[in-house]
Amino acid sequence: MRLYFASDQETLRAHRLLKEWNHEDLLSKEQYERLEQETVSELRTTNVFLRLVLLFFTIVAVAAATGLFFTLIDRGFSDSATGTCFLVFAVLSYTAAEFAVTQGRLYRYGIEEALAICSVAFLCLGLVSLLSGNSHHSERAAFFVVSGMGTVFSLWLWHRFGLWYAFAAAMIFALFLPEYWTPSHAAQRSIICLLYAAGLVCVKAIRSRHRFDYLEHDYSLAEAFLWLGIYLVLNLKLSAINTPSDWWTKTSAGSEFGATFYWTTWALLWCLPPLILTRGVRLKDRFVIAAGMITTILTLVTNKPYLGWQRHTWDPMLLGIVLVAVAVLLRRWLAQGQDGVRHGFTAANMSAKHKHAFGVASSVFGLLTPHAITPAPQQQSPKFESGFGGGSDGGGSSGDF
Amino acid sequence: MTMLDRLELWKTQGTISPEQQALFSSLVREEPFSLSLELNILLYAGVLAFVAGLGWTVSTWSQQLGAVLIVLTLSLLLAACAWYCFTRATAWSPAETPAPTHLFDYVLYLGCLVWCIELAYLENRFHILSGQWDLYLLATALLFFFRAYRFDNRFVLSLALSSLAGWFGFTISRWPSFQNGAYREYALLYCLVVGVSGAVLQRLKLKPHFFGTYLNIVANVLFWTILSGIFEHEDFSEYGLWLLALLVVCGGSLTWGLLRRQFAFVAYAAVYGYIGVSTILVRNIRDEAAMLMYFVVTSIAMVVMLVVIARRFGKERQG
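Same order as they appear, the protein sequences are chains U and B. According to the numbering used here, the first sequence is numbered sequentially starting from 62. According to the numbering used here, the second sequence is numbered sequentially starting from 4.
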């Protein structure tokens, strides 16, 4: 069912690990050269930058070719004819993606990924055109079919090609499914949660068979996405992100949802983060731990709006102090264990790969930080308001540059 | 065969020692599991949240709190951060040096960001330099450059480069007859100053690992500047020089990327170059089909060229 052989992917993983260990001087030159020969994979991979550029240009080529086709051929095409053409393009794109992998042995090369992405887009466009041209189908039914097919096809791509973002796309498509069954927002959110929970049960059952192999990473990421998805669907205050001014000020507790549903979600928002963190820690799963950390912070940030309490300008300071305190105390606690290890966890230095990623990220964040830390002052603020977030961005880069 | 099976096999074959096998097996199993990345992210997020709240509080409640309390608090915080950094820092070395303590980098960030808030407050409250923001930004940039080189910190270096960019930008925003042309000239000057400084410092072996940051920032600012020159001009006599500059910079970026195996520069050359050249070529095409045909042909050509580059580099790496 999977497009890549397990042996190829294991070899590729072994090759990457060897490179990492060699970079950290854990292998001698002779050892590395010998082992490198033993881990030559038939799969063609490329650098992350070339991968992104190849993805970009392939999407441009496919989109332009499709546009050209309709410009040259389309002379009063009906919606169903247009839809059929899009479905044909979806098949062609998908076949080309499979061909690029089976014949070209491309692996995370950008080209096959772009073709797979285009096939999903064409499938959705085709179905929209076909169903909108058919008066027998209501708009809601058409939307349901498109979402459903999008979900199923994205999941297929995730399974077949191993593209992590296809799983995220499937989750996003699934968000629109319940609209067909019920107009109630509370019921819709409950159904989405049930769908994600079902996904979680499946992933949990499967991933136990893939401990320490090349698929562990994929299932770990899928589980983290599902936990995060459940949390985000349950957090009713995050949907108010369109109106941040309302979100910041005192908000009414009831809103459009019933009181029972509202307070149940509030209780669940406090239950989920410890549950996710516990699971992540138990499995020693970095992605699930990250999901737990994100949900914990979001719960702290959204608690006041949930309760309808007034937020204060110093709330972020308190949050910052809490985060730093947790990090410092946890590090100290771990460091006090035997050889700096407690229950299989350590706060010792991260791997070279993580160090490099953190270094690059801190350079990028350094450029963006002045904008991030100087929010525009509130309406009711006193006279001292022209300086922040206006001209200078607090000593960082200017608005002009 | 999983990685653990492979390690067992290599140990049996004598390619790796039993100690290495044990070490690599524990690394594959992530035993012990390092929480260092997560703890660093928590510290970073904590400092950012704290400074955001501090800035917000100062800007909102400046009247109620009073200038003395605000300046005193910010100055104390600043002094505490500076004291921590200077007392904990190891002796300066021109080479890459690790942070002396796990909190060090974050205290340094905090100090830098509090400095920004205090400076903004002082100017807005007391108008010491009568709105001469340029000088504040220049002073901030110089201070951050000093801190970045003294304490070997890339985040602070990025803050310094960002502040310097602000200084150039602010000079332009006050330019009596503001024009994009003048703006571009200053952007080019910024690239020249930063690029030459980075190269000289690298040549002098003063924190040579910073050079990548300089180069990436210069490349992006330079490409954006050149593209803005191309976007703005319609006649060949006006954009010709910008086109020439684009081709030269693309060639330089591509060569650098290929020689140094820094593929980000190959990507810059491909994407920025394609956008710039396509803008000029497509500008006068009125026929929709011809325009789409152009994109089909050129994007496929780009894919082929990039695949050739990727394959060639793959071969060289194996050999």
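Where hints are given, some of them may not hold.
[Claimed, not checked] DSSO-like, lysine-lysine: derived pairs with alpha carbons at most 30 Å apart:
id	chain 1	residue 1	chain 2	residue 2
1	U	K416	U	K365
2	U	K414	U	K365
3	U	K90	U	K80
4	U	K298	B	K208
5	B	K208	U	K414
6	U	K414	B	K14
7	U	K414	U	K90
8	U	K365	U	K80
9	U	K345	B	K208
10	U	K298	B	K14
11	U	K265	B	K208
12	U	K345	U	K416
13	U	K80	U	K298
14	U	K365	B	K14
15	U	K90	U	K416
16	U	K345	U	K414
17	B	K14	U	K265
18	U	K345	B	K14
19	U	K90	U	K265
20	U	K365	U	K265
21	U	K365	U	K90
Please keep in mind that the hints were generated in silico from the structure rather than gathered at the bench.
Verification of the supplied hints:
1. Annotation: proposed proximity of U:K416 to U:K365 is violated, straight-line Cα distance about 36 Å (limit 30 Å).
2. Straight-line distance between C-alpha atoms of U:K414 and U:K365 comes to about 38 Å, which puts the hinted pair past the 30 Å bound.
3. Only pairs whose Cα atoms come within 30 Å are accepted, and U:K90 paired with U:K80 is accepted, the gap being roughly 11 Å.
4. As the CA atoms of U:K298 and B:K208 are separated by approximately 52 Å, the hinted pair breaks the 30 Å bound.
5. Restraint check: the Cα-Cα separation between B:K208 and U:K414 comes to about 25 Å, which is no more than 30 Å; the hinted pair holds.
6. Only pairs whose Cα atoms come within 30 Å are accepted, and U:K414 paired with B:K14 is accepted, the gap being roughly 25 Å.
7. The suggested pairing of U:K414 with U:K90 holds, with an alpha-carbon distance near 20 Å, which does not exceed 30 Å.
8. Straight-line distance between C-alpha atoms of U:K365 and U:K80 comes to about 48 Å, which puts the hinted pair past the 30 Å bound.
9. Simply put, U:K345 and B:K208 have alpha-carbon atoms about 41 Å apart, too far for the 30 Å limit, and the pair is violated.
10. Of the pairs offered as hints, the one joining U:K298 and B:K14 is violated, with about 55 Å between alpha carbons and a cut-off of 30 Å exceeded.
11. Straight-line distance between C-alpha atoms of U:K265 and B:K208 comes to about 52 Å, which puts the hinted pair past the 30 Å bound.
12. Restraint check: the Cα-Cα separation between U:K345 and U:K416 comes to about 19 Å, which is no more than 30 Å; the hinted pair holds.
13. A C-alpha spacing of about 45 Å is found between U:K80 and U:K298, which places the hinted pair above 30 Å, so the restraint is violated.
14. As the CA atoms of U:K365 and B:K14 are separated by approximately 57 Å, the hinted pair breaks the 30 Å bound.
15. Between U:K90 and U:K416, the direct Cα distance comes to roughly 23 Å. Compliance with the 30 Å bound is thereby established for this hinted pair.
16. Under the criterion of a C-alpha separation no larger than 30 Å, the hint pairing U:K345 with U:K414 is consistent with the structure, at around 18 Å.
17. Restraint check: the Cα-Cα separation between B:K14 and U:K265 comes to about 33 Å, which exceeds 30 Å; the hinted pair is violated.
18. The suggested pairing of U:K345 with B:K14 holds, with an alpha-carbon distance near 26 Å, which does not exceed 30 Å.
19. Restraint check for U:K90 and U:K265: the C-alpha separation of about 40 Å exceeds 30 Å, so the hint is violated.
20. Straight-line distance between C-alpha atoms of U:K365 and U:K265 comes to about 33 Å, which puts the hinted pair past the 30 Å bound.
21. For the proposed pair U:K365 and U:K90, the alpha carbon gap of about 57 Å is over 30 Å, so the pair is violated.
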